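As a plain string of letters, each chain reads:
There are 2 protein chains.
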Amino acid sequence: MARVIVDVMPKPEILDPQGKAVHGALPRLGFTGVTDVRQGKRFELEVEQADEATLAEIDRIAGTLLSNPVIEDYTVRVEVDA
Amino acid sequence: MARVIVDVMPKPEILDPQGKAVHGALPRLGFTGVTDVRQGKRFELEVEQADEATLAEIDRIAGTLLSNPVIEDYTVRVEVDA
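Line order of the protein sequences matches chains A and B.
FYI, the working numbering numbers position 50 of the first sequence as 50, with every residue one higher than the one before it.
FYI, the working numbering numbers position 18 of the second sequence as 18, with every residue one higher than the one before it.
Everything labelled a hint here was simulated from the structure, so no lab data went into it.
If you're wondering where the values come from, they're calculated on a predicted model, not measured in any experiment.
Virtual Cβ for every residue (Gly too), placed ideally from N, Cα, C.
Careful: at least some of the hints might be erroneous.
What the hints assert, rightly or not - Covered by chain B, per the in silico footprint, the following chain A stretches (three or more residues, Cβ under 8 angstroms):
1) 14-26
2) 33-46
3) 62-76
As the list claims (entries may be wrong) - Chain B stretches covered by chain A per the calculated footprint, using a threshold of three residues with CB under 8 angstroms from any CB of chain A:
4) 36-47
5) 69-76
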C-alpha cells in the first residue's frame with residue numbers, strides 16, 4: 001500500500017474568497033503576522049502500488065475529477081513515510 | 001517572506017463523505033486501482049518570517065480557526081522552496 005497526495009489550490013490570479021475570509025478573521029481573533037492566506041483542498045489516495053501507470057492515472061483523476069483546471073492548479077506526489 | 005502550510009484532514013475514525021463520494025465516482029469514470037480516498041483542506045499562510053513565535057501562533061490558528069479538533073487533525077510545516 002502507498003499513499004498519493006493530491007493538493008489542489010486556486011490559481012494565483014484567481015480570487016480566493018475562503019482564504020480571504022480566514023485572513024480577515026485573524027486580526028479580529030488577535031492573530032497578527034500572517035500577510036496572506038489561500039485555501040485549497042488536499043486529497044489522500046490509497047493505492048496498491050505507486051508505480052508509473054498508477055501515477056499517470058492519478059494525474060488524470062486530479063485534472064478531471066479533483067480539480068477544475070480553469071481556476072485551480074494541482075500537484076501529485078507520493079507520500080514518503082518518515 | 002516564508003510560506004507555512006497547514007493540512008487539515010478528517011480523523012481516521014471519522015466518516016468522510018466527500019472522500020467517499022470521490023472514491024465512488026472513480027470506477028464510473030473508468031479509473032481503477034485507488035482503494036480509498038480522503039478529502040481535507042490545505043491552507044497556505046504567508047508570513048514575514050517563520051520563526052518560533054510565528055509558528056506557535058500558526059499552531060494556535062490551525063487548532064482553532066482552521067480545524068475542528070473534535071473531528072479533524074492538522075499538521076503545520078514550513079514550505080521549503082525546491
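Here is how each hint holds up against the structure:
1. 14-26: holds (count 4)
2. 33-46: holds (count 14)
3. 62-76: With 3 residues close enough to chain B, the hint holds.
4. 36-47: Since 12 is at least three, the answer is holds.
5. 69-76: violated (count 0)
Hint 5 from the earlier list is the only one contradicted by this structure; the remaining hints agree with it.
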